[in-house]
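J.: Spelled out, the chains give:
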Amino acid sequence: MKKLSVLLVLLLVITVSAFAQGQTEMSEETDAPFKVGVIYVSSPGDFGYSYMHDMGTKAAEEYFGDKIEVIRMENVPENDSAARALEQLVDEGCKIIFANSYNYQDYVLQVAKENPDVYFEHCSGYLSNENMSNYFGRMYQMRYLSGMIAGKMSPTGKLGYVGAFAIPEVIRGINAFTLGARAVNPDATVTVVWTNTWFDPSLERQGAMALLDQGVDVVAQHQDTTEPAKAAIAEGKYAIGYNADFRAITESDNVLVSPMWDWGNYMIPEIQAAMDGTWETQSYWGGLEDDMISLSPVSPLVPADFVAQVEAAKDMIAAGEMDVFWGEIKDNEGNVRQAAGEKMSDADMLSMGWFVEGVIGSTN
Amino acid sequence: MNLDFITKLLAATIAMGTSLTYATVGEIFTQKSGVLNLGMEGIMLMGALSGFATALASGNLYFGIVIAMLTGGLLSLIHAFLCITMRANQVVSGLAITMFGTGLANFLGQRLGPASNNYNLVGMNLTSKFENIAIPFLHKIPVLGALFDVSILTYFLYLLLPFSWFFMYKTKHGLAVRSVGESPRTAAAMGLNVPKIRYIYTTIGGMLAGLGGACLSLSFTPSWNDGMTGGKGWIVIALVIFATWNPGRAVIGTLVFGGITSLQFSLQAAGIKMVIPTQFLAFAPYLITFFTLSIMTILNQNKKGSFSAPSALGTPFAIDDK
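Heads up: the sequence lines are chains D and S, in that order. If you read the first sequence in the working numbering, its first letter stands for residue 1, the second for the next number, and so on. If you read the second sequence in the working numbering, its first letter stands for residue 365, the second for the next number, and so on.
Keep in mind that a hint or two might mislead.
To be verified - Pairs of lysine-lysine residues, derived as DSSO-like cross-links and limited to a Cα-Cα distance of at most 27 Å, are as follows:
id	chain 1	residue 1	chain 2	residue 2
1	D	158	S	637
2	D	95	D	35
3	D	113	D	158
4	D	35	D	58
5	D	95	D	113
6	S	637	D	330
Keep in mind the hints are simulated off the structure, nothing from the lab.
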């Protein structure tokens, strides 16, 4: 009896771990397609970060047709399992492998060193190797533009922002958003609430509700679910999406606009280069000029002439005539952080740990 | 800090805490009968999924609640079968239920729902949700008014709490559950059917956990998301300790745990510079659990009332045990 029960439990655990591993999808065999591996930190069903990466992967699949075969791995934990997953992809014959989360980087580097004939692409990190690149996008440019729209549409000038963690990537986004809003409404303020999680629907919603309770009338977010936006919509207030087009998902015009990722525009040329043998290692931080980031269609509630103004600002950034972090920029304690007339260096942007004037909140 | 701030804080705490309290009361019923169910996270998630999927397909929220409770009951029946009939290790079985439940819920979440949507249930919107119902006059009372502007699920919880306390401590059935949890051999000698009672209360516990999960997907965050319970099933285990296994006290734990989370958001949103870092507040509930456990032990040693876990908690029982 006891033995049987242990067996049953064991069986349950095995079934479960099969689920937990995430399914490995393989497309149909054709004559020796070029194999591409992808590992995702979550499931593309999150409608957030991994979802957008998967859209990029799908764009690549569409572009190359049966010339490539993609092997996906979902829900890969950011620990030693990542190395196992990468090795498995190498064993399957993948020639180029994309890994989409920051904490994979040490494992990507380790496996890259062991497999010099495979190309590795790591998203959002800073490590590289002869056969390993890192890549990310200048999302802050889109945050700035969405901030302009939020500043324009807010009757009170009180904006709210639900942030995941107080790390440079998120802080940079909040600052850019604030600068955009204050370019339109110099009195606008942005109140920040930290959830200390990338993904927790109820906590994200709670953070947004606390902001709404305080009279904020536009909620922006750097989170993985649509909950902060939905909380704002439910109160009849405005929301700014992130990652994907939240207006399409929530079917509400109260979502004014969503800054979005377009990973396909990076993945396609990289896969092409790997196929052609022209692949080279790089640290890539792509911006507006190469379409890695984009703005969703703007809500019809936003006046058309203002949308044209935002488009004009976008063109100026793309042309390099203007940039988000262009001095003089003060922090929210009054210190000058960037001298007048100068553009902030990438190094300063990548290590940003302070809020610009107009942000209410703390960075720790 | 004004009255309005406190009222809104209380409202946020209650909205968040409803789901936690249902599951906590459920787990208390289960543990009182001597069965430890660590599968709460998986059961709540399956409850959230099945409730949402049903409500989406049928357009009826109450039908969603019923199915969520049935799903919770069914999952806990697996646990009951493993640890009562098969006498398996309750910790291992509970963990397996959690892994199975979360895996299955995320798996189904990507496969149920209309095919027009690539990722099915995620991103689907319900046409309705459990809205807040304000009781005339009462909801205008400062601060406490927040208690009378909540969803029907929370009103039902107000009834469930005193009922479950009364049931547990003032009825014959409650006595039976407690004796099975404290000393199954004595209970059996008195003619009680120990396995049957444990089956019943483990199932009831699972049904309440399923309901707790559905509170999230049908009322608080009316949507489905992979892993949307975000570890609430584990907080429930801590809350049971915090409530010292008394269903009537379950609400105190929810108010403290939920209150801390809500407070840290409200302070940030009000622009009040925080002395305590948010990371500290995030783990504070667990810190409080340590203190509760220590204080309980001291009180028990001094015989200042009964605050301890059911004696037979986690121990399998067989009539032929020597």
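J.: The structure should be examined with respect to each hint, and the outcome stated for every one.
T.: Against the structure, the hints:
| no. | hint | in the structure |
| --- | --- | --- |
| 1 | 158/D x 637/S | holds, 18 Å |
| 2 | 95/D x 35/D | holds, 6 Å |
| 3 | 113/D x 158/D | violated, 50 Å |
| 4 | 35/D x 58/D | holds, 14 Å |
| 5 | 95/D x 113/D | holds, 14 Å |
| 6 | 637/S x 330/D | holds, 19 Å |
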